[in-house]
Amino acid sequence: MPDKIEFFGAGLTAFGTIFATSSYILLANVPLTALGVGLTVLGLTILITPQHPVPKETVQAFIRSSCENLETLLEATGAFMKATYFPSNGKVYAYIPVTREQNIVMEDVGKNVGNLIAKSGRSIGLIIIPPASELLKTSFSEGAGLDTVAGEILVDASEVAESVKLVESDSTLVLEIFRPRVDVNFSRFKAVMGSLPTSIAAQAAALKFSKPVQVLDERFEGNRIISRLKVLEWTSTPYT
Amino acid sequence: MDKHTLYIITFTILITVSVSSLAALGESRLDVYTSIFTLEYLHWQQYLGREERR
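From first to last, the protein sequence lines are chains R and F.
Going letter by letter, the first sequence gives residues 478 to 717 in the numbering used here.
Going letter by letter, the second sequence gives residues 4 to 57 in the numbering used here.
In case anyone wonders, no lab produced these hints; they're calculated from the structure.
Wrong hints could be hidden among the right ones.
To be verified - With a cut-off of at most 20 Å between alpha-carbon atoms, the simulated DMTMM-like pairs for lysine to aspartate or glutamate come out as follows:
no., chain 1, residue 1, chain 2, residue 2
1, F, 6, R, 629
2, R, 481, F, 5
3, F, 6, R, 647
4, F, 6, F, 30
5, F, 6, R, 545
6, F, 6, R, 534
7, F, 6, R, 480
8, R, 642, F, 43
With these hints in hand, go ahead and build the complete structure from the sequences.
Below, the structure written as structure tokens:
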């Protein structure tokens with residue numbers, strides 16, 4: 478079904494064509510003819526430029542389904558501790574502990590990539606591929622700063638937020654995500670993985686620094702999310 | 004504001020400004036107007052394409 482903007486574009490094209498023709502034939506006025514031509518070009522531009530190449534609702538439905546699967550898995554395993562995002566072979570994975578006792582170091586978790594369950598001593602956790610992991614692979618640009626990378630992934634590539642601001646202090650990153658457009662309302666998913674924009678930002682940070690990243694906390698203030706991420710060392714134990 | 008809306012608004016402003024400026028200068032050749040529109044269109048298309056590739 479045509480969008481409102483497409484109706485507007487078609488109307489503008491028709492009006493511009495009639496206006497240009499009548500200005501040229503009846504009035505013999507070149508500036509008005511040019512204005513008509515300009516309106517026609519503008520109308521055609523609106524018509525031919527795709528606003529959303531894939532319907533937004535479809536993309537959101539895909540994201541929700543993917544997160545719902547994770548929500549079911551997290552509910553079934555009773556996971557409640559925060560996930561740690563870590564890069565491996567150019568891809569980002571999330572480690573989610575399922576036992577209270579966690580003395581596993583991230584280096585050992587990295588060795589378990591490919592398995593759903595990571596086990597080390599009495600520590601058991603899940604290694605899953607978080608949503609948007611594939612997106613990062615295609616839209617990640619080397620050499621750019623984290624604020625640029627976060628902007629590229631959250632704003633340009635996935636369009637899940639309108640803009641992003643980032644402040645770095647030591648190993649803590651504070652993100653301000655403005656007007657998130659896509660999010661999911663799965664309580665377990667949010668508690669473990671963080672909100673969808675924060676989760677994507679954490680994945681970008683993990684890939685950028687080539688280090689594990691954990692979501693410390695996040696606050697929802699009006700139409701913005703303020704999240705704190707912690708960049709961990711490979712030798713550190715994330716759950717103490 | 005998303006890129007598509009920004010693009011449409013900027014293009015509208017550019018067309019309005021170029022028509023009024025050229026009309027004020029007394030330009031009466033239609034090809035000059037169409038050339039300017041073509042340049043503006045191509046410039047913005049290229050800018051939008053580069054933004055998407057970034």
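Each hint tested on the structure:
1. F:6 with R:629: OK: residue 6 of chain F and residue 629 of chain R at ~13 Å, within 20 Å.
2. R:481 with F:5: Holds: residue 481 of chain R and residue 5 of chain F sit about 16 Å apart, inside 20 Å.
3. F:6 with R:647: It is violated: about 34 Å lies between the C-alpha atoms, which goes past 20 Å.
4. F:6 with F:30: violated (32 Å)
5. F:6 with R:545: violated (30 Å)
6. F:6 with R:534: holds (19 Å)
7. F:6 with R:480: Holds, at roughly 17 Å.
8. R:642 with F:43: violated (32 Å)
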